[in-house]
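> Sequence:
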Amino acid sequence: MSAAPVAENSGAEEVSGGAFGKKGIGWASFEWARNPYYNIVVIFIFTPYFANSVIQSGELGQTLVGVTIAIAGVIMAIVSPILGSIVDNAGAKKPFIFYTFGVLALCSILLGFVTPDLPGAIPIGMFLLIVGYCSYTVSELLHNAMLPGAGRSSALPLVSGLGLAMGNAAGMVLLIAIAVLSQNPPFGLAELDISRLTAPTIGFWLLVFMTIFFLLMPDVYKTGATWSQALKDFRNPANRVQPYAWVKSRFQQHPNVMRYLVGRMIYADGIAAMLTIGGVYVAGVLAWNGQQLAVYGIMASLFAVVGGFFGGVLDRLLGPKRALMFELSMAILIGIFQISITKDSLLFGLIPAGHTVWEGSVFSTLADLVYVLAVIPGTIFLVATISSSRYMLLHIAPPEKIGEFFGFYAMAGSVTVWLGPGSVALVTWLTNDQRAGFAPVVVLLMTGLAIIMTVKADKTPEHMKTKISA
50 MSAAPVAENS GAEEVSGGAF GKKGIGWASF EWARNPYYNI VVIFIFTPYF
100 ANSVIQSGEL GQTLVGVTIA IAGVIMAIVS PILGSIVDNA GAKKPFIFYT
150 FGVLALCSIL LGFVTPDLPG AIPIGMFLLI VGYCSYTVSE LLHNAMLPGA
200 GRSSALPLVS GLGLAMGNAA GMVLLIAIAV LSQNPPFGLA ELDISRLTAP
250 TIGFWLLVFM TIFFLLMPDV YKTGATWSQA LKDFRNPANR VQPYAWVKSR
300 FQQHPNVMRY LVGRMIYADG IAAMLTIGGV YVAGVLAWNG QQLAVYGIMA
350 SLFAVVGGFF GGVLDRLLGP KRALMFELSM AILIGIFQIS ITKDSLLFGL
400 IPAGHTVWEG SVFSTLADLV YVLAVIPGTI FLVATISSSR YMLLHIAPPE
450 KIGEFFGFYA MAGSVTVWLG PGSVALVTWL TNDQRAGFAP VVVLLMTGLA
500 IIMTVKADKT PEHMKTKISA
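Read left to right, the sequence shown gives residues 50 to 519 (this note's numbering).
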């Protein structure tokens with residue numbers, strides 16, 4: 050049973066429904082079902098368990114997790130632009146979302162069997178994480194393409210925001226449950242069992258809650274469109290976009306905007322690596338357990354919301370370029386400070402910090418407490434950077450080409466998403482040191498900042514009226 054399909058809006062007929070209508074809730078429920086996979090399996094809980102308990106080495110674990118994410122990133126860098134160019138002209142999308150959800154749920158469930166005693170546990174775990182990551186990304190692309198059918202055009206920003214809110218809320222609910230269960234594991238389970246079993250739990254979560262999306266959200270495709278015809282059109286050279294020619298021409302016509310997009314692409318890779326490998330890093334360097342990682346995830350999720358609003362405030366106070374430079378500079382300083390922290394000291398050994406400062410169940414040493422407190426401004430500035438990045442492009446791009454440049458903005462991020470994790474993996478492998486291995490993240494942020502500093506952000510008439518300086 051599912052909602053009846055609707056044709057994509059061609060301008061002749063407006064799709065009906067508000068953000069809290071049947072279709073809006075159906076579209077947003079997708080995020081409730083799917084987003085916890087990334088937060089819990091990829092970032093905060095399962096991959097740290099995989100790195101430290103299955104691979105049993107912080108340094109090798111960080112290397113192999115970085116390699117895993119980089120391989121998945123390379124695959125999607127090849128697949129995403131091709132699939133993106135096909136999906137707009139393709140037929141029904143829900144069957145393919147069903148397949149990708151099914152593969153994602155299966156990979157997540159099978160990860161629960163990846164224990165240190167399993168023969169071939171490391172390559173099996175890496176394979177399942179790669180396939181899961183790719184399935185997650187493909188489902189996201191298809192889901193985004195269905196947004197026009199989720200409600201009337203004026204409601205779509207609210208529908209999109211509702212989806213993001215529901216995804217974050219689901220992640221928070223599960224992280225709180227993990228933190229509670231890790232403190233007092235039920236059924237005779239060990240704490241490591243809780244971390245391992247988060248993966249199959251997410252798999253069953255996907256299977257249960259994906260039904261809301263399929264029941265409430267109608268399919269969205271052009272009348273008469275089919276996947277076979279879309280593939281046929283894609284194979285026709287006359288219909289293909291030539292990306293290299295496009296990039297070259299835009300550098301000639303709009304060098305300032307393209308320079309910004311290159312800088313943003315580089316620092317976004319650093320942000321992606323910091324987010325995806327951050328859990329593995331602290332689990333290895335600071336020996337955080339599942340409960341501490343869950344609390345870390347809860348704090349990061351909460352202050353990510355603050356960061357989104359903070360970025361908007363800075364954009365109005367400073368203008369998008371100065372806001373972006375300030376946010377990146379603070380993220381760099383906090384990143385360097387976090388790298389300086391070990392289990393026993395702060396500031397690269399200058400301040401002893403291995404002693405207990407309170408008797409709580411989590412973050413009881415000075416090193417733990419300082420690091421987790423640094424997560425608060427670090428998260429705020431990273432998310433503010435993401436927010437200001439979008440506004441910066443809107444500020445400097447020609448109004449008549451906004452859609453075109455935002456398309457490149459999205460594509461460039463997917464094409465180079467492997468760079469940050471790959472750099473972390475390479476340097477960790479070369480130095481056999483997790484802290485040194487995380488240094489490329491800071492280098493990517495610094496390189497992006499250096500390029501942003503050369504971008505011109507002249508005042509537009511709109512900014513002149515509101516007296517916002519660039």
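Take the hints with a grain of salt, since some may be wrong.
With a straight-line cut-off of 25 Å between C-alpha atoms, the simulated SDA-like cross-links for lysine to any residue are [as the list claims (entries may be wrong)]: (1) K505 x I435; (2) K392 x L382; (3) K505 x R201.
Everything labelled a hint here was simulated from the structure, so no lab data went into it. Here the structure is a predicted model, which means the values were calculated and not measured.
> So, for every hint listed, does it hold in this structure?
Against the structure, the hints:
1. K505 x I435: OK: K505 and I435 at ~19 Å, within 25 Å.
2. K392 x L382: 20 Å, holds
3. K505 x R201: 37 Å, violated
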